[in-house]
Amino acid sequence: MFRRYQPKDNVQKKAYYTDRFLVVPEVPKNPVEDAVSLAHIDAVAKGVTVQESYMQRDNVVIIVDSKEAKKALELLKAEGYKVLTEMSAVDWLAKKGGFEVFYQLLNITAAKRIRVKCFIKENEAIESVESLFRSADWAEREMYDMFGIIANNHPHLKRILLPDDWHDYPLRKTYPLHGDEAANWYEVDLIYGKEYRDVIGPEQRDAAFVDENDTKNFARIGHEVGYGEQPTRDLTPIQYQEEGGTILVKKMKPEETKIRADRSWNKHLEGKE
Amino acid sequence: MQQPNRLSPFYENLAFEREDDRMIINFGPNHPSAHGLLNLILEMSGEEIVKAYPNVGFLHRGMEKMAENMIYNEFLPTTDRMDYVAASANNYGFALAVEKLVGLEVPRRAKVIRMLLLELNRLASHLFWLATHALDIGAMSVFLYAFREREYILDLIEDYCGARLTHSSVRIGGVPLDVTPEWRKATAQFMAHLPKEIEMYEGLLDTNRIWRMRLENVGRLDPDMAQSWGCSGIMLRGSNIKWDIRKEEPYELYDEVDFDIPTSDMCDSYGRYKLYMEEMRQSIRIINQVLDKYEGTEPELMAHAPQYVSAPKEQIMTQNYSLMQHFVLVTQGMRAPVGDIYVGTESPKGELGYYIYSDGEAYPYRLKIRAPSFFHTGLLQDWLPGSYLADVVTMIGSSNTVFGEVDR
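Top line first, the protein sequences correspond to chains A and B.
If you're matching positions, the first sequence starts at 1 in the working numbering and goes up one per residue.
If you're matching positions, the second sequence starts at 1 in the working numbering and goes up one per residue.
Dumping the calculated SDA-like pairs for lysine to any residue here, alpha-carbon to alpha-carbon at most 25 Å: (1) A/K173 with B/P337; (2) A/K173 with B/L59; (3) A/K121 with B/G339; (4) A/K112 with B/K242; (5) A/K77 with B/E248; (6) A/K8 with B/D359; (7) A/K95 with B/N69; (8) A/K13 with B/Q307; (9) B/K100 with A/Y54; (10) B/K247 with A/V36.
To list a few chain B residues with every Cβ distance to chain A over 10 Å, as calculated: (11) R22; (12) S33; (13) N73; (14) D136; (15) A163; (16) L194; (17) R209; (18) C267; (19) E295; (20) A305; (21) Q319; (22) P385.
The set of hints was computed from the structure by calculation and includes no laboratory data.
Predicted, not measured: the structure shown is a model, and the values here were computed from it.
From the three backbone atoms N, C-alpha and C, an ideal C-beta is built for every residue, glycine too.
Produce the entire structure from the sequences given, and follow the hints as far as they go.
Here it is in structure tokens:
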């Protein structure tokens with residue numbers, strides 16, 4: 001029997017079933033009609049080539065060349081777009097061999113937003129816009145951390161959320177959800193050293209994973225054993241009160257309890273026994 | 001240059017010992033005033049900060065990666081864990097972004113309930129801020145009073161959705177539950193009571209000498225720096241820039257209610273404190289108006305869009321096709337149309353935005369969360385130098401950062 005083929009360039013979760021005839025519609029792209037935004041786009045078009053400009057829902061988007069992205073942002077900043085709300089990238093390595101970088105800008109005085117998008121190939125760097133917007137300092141660091149995209153002339157391009165010596169870039173589609181081989185050994189190597197790999201074993205990074213025979217980290221409810229002992233099939237009844245009981249409270253024995261028949265939700269059970 | 005390894009780790013104060021003038025202080029990662037896991041490395045010249053380096057990532061859970069491996073509805077409870085002080089605001093931001101991408105029209109009653117939840121969350125978040133900020137500065141009693149009122153709000157939210165911290169009280173396409181007349185009455189009663197309490201907090205703090213000395217002219221934030229660092233919310237309004245997404249790009253029913261946007265031209269921590277108090281009053285005003293809007297709304301709570309949203313429970317239990325549709329939506333997930341969208345909402349901390357790129361699959365192709373606290377923490381490296389060590393606590397508190405949101 002052959003194992004089902006899994007594409008290696010995108011290891012993210014896939015829908016297990018897709019209707020053969022399903023055609024997912026596209027969000028309509030309309031031309032920009034708003035006069036203020038049009039004026040801003042025209043101002044950008046004087047300095048750089050605007051490849052495409054459109055409006056999707058109520059987001060104004062322009063697409064420029066990655067070499068001219070900084071110039072475009074500079075022109076937009078002169079138009080009043082003083083806030084770089086957000087910037088990051090989208091991984092298109094599998095389909096198009098590169099990343100789509102987007103800059104979301106905000107003009108507070110005109111109450112307008114615009115998104116500047118550009119495309120870069122793998123291993124291609126992008127010019128840092130940190131000199132225009134200080135918020136790009138951290139945003140570009142995060143982009144580098146998550147995708148490995150290098151921002152040229154960034155003052156301090158360094159990983160931000162992950163440790164400095166982390167292997168690979170986690171938001172790439174080639175990176176599995178629970179981490180790769182290097183991630184399994186990261187903490188073991190750091191805390192104990194490589195020579196302890198055999199003793200400790202790889203880190204279990206799936207939060208939903210429960211080892212049936214592990215009595216060190218998990219208690220089998222109703223089958224509890226001492227720390228680290230072999231698991232058992234025998235029932236170990238739990239009594240939630242110390243021997244002798246507490247003052248004013250009688251010791252509750254689970255096997256001797258009975259449910260009152262006059263409880264409303266229990267009435268349908270009446271007369272069945 | 002040090003060469004740190006496992007046997008000889010990195011010592012920050014080596015430079016201090018060598019040059020004998022600069023001291024490096026590690027503020028955190030477990031400092032009670034850092035409001036989470038913030039490791040702030042401060043280079044000091046005497047008491048004055050020369051250089052600040054915020055080191056974050058201790059709470060990084062990879063939410064954006066998780067989102068790429070979850071259907072849209074599955075991801076919604078994860079958003080609770082970002083700004084855990086006001087969880088509904090996170091749920092709502094995500095739900096709104098998906099609704100805009102898909103093009104769903106939410107029923108009016110759901111809008112009313114959402115606004116009530118959002119403003120209650122804002123009140124809870126601001127009260128939490130006041131309590132912890134005052135505690136950092138040294139005013140213990142304010143902490144107790146503000147937490148008492150926050151408890152009432154949490155009780156109201158618990159009555160609504162059963163959770164106090166991680167609400168998940170908003171669904172894509174509407175809200176899961178209706179509010180009872182008793183709940184509305186209790187909310188109205190509490191809203192009548194709360195202004196008196198706010199007055200009491202102000203009575204305790206406004207003219208308090210220590211409070212004023214620790215806050216006035218501390219943490220002055222220049223409007224240009226605030227814009228350059230992408231500050232939002234009160235950090236922006238505290239620097240005399242009038243910008244509130246609820247007013248400028250209204251969502252839900254914010255264009256139907258009357259409320260003011262307070263700004264402060266003092267640009268300091270005291271001005272921001274006054275803004276928090278004023279915003280609480282405005283939230284009360286909004287809730288009072290929205291409670292009146294509930295009457296006369298149709299009882300629908302979820303949008304009618306069988307392709308994207310399950311039918312009401314009653315219909316699922318009685319109608320065959322509704323059940324089939326529900327089964328497909330739960331097991332396979334809805335397929336949002338191909339396209340990308342950025343939607344920003346005014347969360348209690350500032351602009352909380354979601355950028356969603358859908359390629360027509362049941363899982364978002366890319367989800368970027370724009371958290372206000374992320375940039376407010378980044379701001380510290382430009383904002384702190386020049387101030388004194390004692391003011392660091394005030395400034396971190398004043399920026400109202402939550403580290404679940406910074407690290408995501």
